[in-house]
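Enquirer: Here is what each chain is made of, one letter per residue.
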Amino acid sequence: MSVQSCVEVNSEWGIVAARQEGRSLAKDIGFGNVDQARITTAISELARNIYLYANQGKVCMEVVELFDKHKLKRGIKVVAADQGPGITDVRQVMEDGFTTSGGLGAGLPGVKRLMDEFSIDSKENEGTTITVVKWLR
Amino acid sequence: MQPFIVEFIHSRKDELVERWLEELTAVRDKNLENMSDAVYQHTNREFIQTILHTLDADVEQTGERLSEFTSRLIKLGWPLGYFTQGLQTFRRMVFEALAAEEDDAKKVYRLSCDVEEWIDSIINQFVNDYNGSWESTINLQKMALRELSAPLIPVFENISVMPLIGTIDTERARLIMENLLEGVIEHRSQVVLIDITGVPVVDTMVANHIIQASEAVRLVGTECILVGIRPEIAQTIVNLGIELGKFPTKSSLQKGIETALEMTNKKMVDI
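If you read the protein sequences in the order shown, they are chains A and B. Counting from 572, one number per residue, gives the positions in the first sequence under the working numbering. Counting from 7, one number per residue, gives the positions in the second sequence under the working numbering.
Bear in mind the hints are in silico, worked out from the structure with no lab data behind them. Misleading hints may appear alongside valid ones.
[As the list claims (entries may be wrong)] If we take Cβ atoms under 10 Å as the criterion, some of the chain A residues that face chain B in the derived model are:
hint, residue
1, GLN591
2, SER595
3, LYS598
4, GLY601
5, VAL605
6, ASP606
7, ALA608
8, ASP667
9, GLY668
10, THR671
11, PRO680
12, ARG684
[Claimed, not checked] No more than 27 Å apart at the CA atoms, straight line, and that leaves these computed lysine-lysine pairs for BS3-like:
hint, chain 1, residue 1, chain 2, residue 2
13, B, LYS252, A, LYS683
14, A, LYS598, A, LYS629
15, A, LYS642, A, LYS694
16, A, LYS640, A, LYS694
17, A, LYS683, A, LYS694
18, A, LYS629, B, LYS252
Ideal placement from N, C-alpha and C gives every residue a C-beta, glycine not left out.
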């Protein structure tokens with residue numbers, strides 16, 4: 572089962588659409604209230620970064636499954652991709668409090684803490700792809 | 007338009023109308039299924055009469071009649087697709103009839119162009135009328151949302167509440183800030199409670215806006231209390247690493263009001 576749903580983010584309403592999609596998918600998978608809020612917030616954060624820095628991009632989410640210690644784990648994978656300016660120094664943006672837009676600078680490090688897996692792939696002037704996963708416990 | 011076509015269509019009016027009605031009923035839209043057949047047929051007849059009327063009346067008059075017809079059906083909720091489909095079907099029928107009548111391809115083509123232009127102008131007017139009605143609906147809703155978006159309610163002397171419900175975007179954050187500051191001064195509030203029970207997601211941007219608003223409120227000499235933080239939101243805020251230690255927070259509006267009363271040296275007592 573790997574039904575992928577994508578939401579285009581090119582306005583503030585795209586952010587709202589993305590997180591509503593994420594919340595309903597997380598609910599379907601069976602995440603509890605708190606994890607739903609975590610996933611929704613992480614998606615909101617990623618979608619906002621797209622809108623803020625790259626103007627447009629898309630957020631895709633899907634159900635993932637993995638055999639781990641003879642047990643089937645289920646989870647949600649969120650991929651936020653854009654063709655924006657890219658990140659010059661990935662290590663810097665993962666520090667708490669670093670911001671170029673006057674925000675709190677808690678976005679990306681926060682998302683990493685909210686989710687279980689986090690990977691970032693960015694090339695300057697080419698774009699950024701951030702992939703995060705949250706496993707159902 | 008060439009008088010030939012006008013005459014041509016008039017002479018075959020009955021036949022065209024019958025075939026058109028038949029064909030349109032066959033592709034009857036799902037949205038229109040729950041409508042009674044009588045109403046549906048009646049509207050179709052009226053529709054075709056309105057189209058045929060544009061053949062011989064002058065432009066201004068037909069425009070009015072068309073507008074009157076569309077505005078009535080917009081109110082009844084008929085979809086735009088029904089009209090465009092209806093007009094396209096009608097156009098195709100006229101073409102077919104023309105082609106059957108005339109052998110000269112060039113002539114058929116010239117006549118077709120005329121019919122095309124005539125039908126297109128009607129389609130354009132339909133689309134414009136529908137578009138206008140959608141735009142005005144959206145504008146009204148925007149205004150309604152704006153009015154609902156950030157109210158500041160004075161509940162006791164020197165105590166005000168701002169309940170926030172729904173998504174907070176940049177535009178709304180600006181309104182929150184403005185209304186908060188203006189309201190606090192106007193009502194001479196000492197304490198203002200910001201209630202985020204109805205905010206579905208508190209991400210860093212929302213938190214940032216709230217922090218900035220409360221900081222601005224502090225500058226004009228008013229205390230700000232954040233209330234209505236749901237348990238899952240509290241955990242998310244901690245995970246994100248957002249610092250909300252600068253101003254007091256309470257779980258519910260009730261607790262917030264109790265604290266606010268204490269701060270203004272008041273107390274609620276049972277009588």
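Enquirer: With reference to the structure, classify each hint as holding or not holding.
Expert: Hint by hint, here is what the structure shows:
no.: 1; hint: GLN591; result: 9 Å, holds
no.: 2; hint: SER595; result: 12 Å, violated
no.: 3; hint: LYS598; result: 13 Å, violated
no.: 4; hint: GLY601; result: 16 Å, violated
no.: 5; hint: VAL605; result: 4 Å, holds
no.: 6; hint: ASP606; result: 8 Å, holds
no.: 7; hint: ALA608; result: 4 Å, holds
no.: 8; hint: ASP667; result: 6 Å, holds
no.: 9; hint: GLY668; result: 9 Å, holds
no.: 10; hint: THR671; result: 14 Å, violated
no.: 11; hint: PRO680; result: 7 Å, holds
no.: 12; hint: ARG684; result: 5 Å, holds
no.: 13; hint: LYS252(B) with LYS683(A); result: 25 Å, holds
no.: 14; hint: LYS598(A) with LYS629(A); result: 21 Å, holds
no.: 15; hint: LYS642(A) with LYS694(A); result: 37 Å, violated
no.: 16; hint: LYS640(A) with LYS694(A); result: 36 Å, violated
no.: 17; hint: LYS683(A) with LYS694(A); result: 20 Å, holds
no.: 18; hint: LYS629(A) with LYS252(B); result: 36 Å, violated
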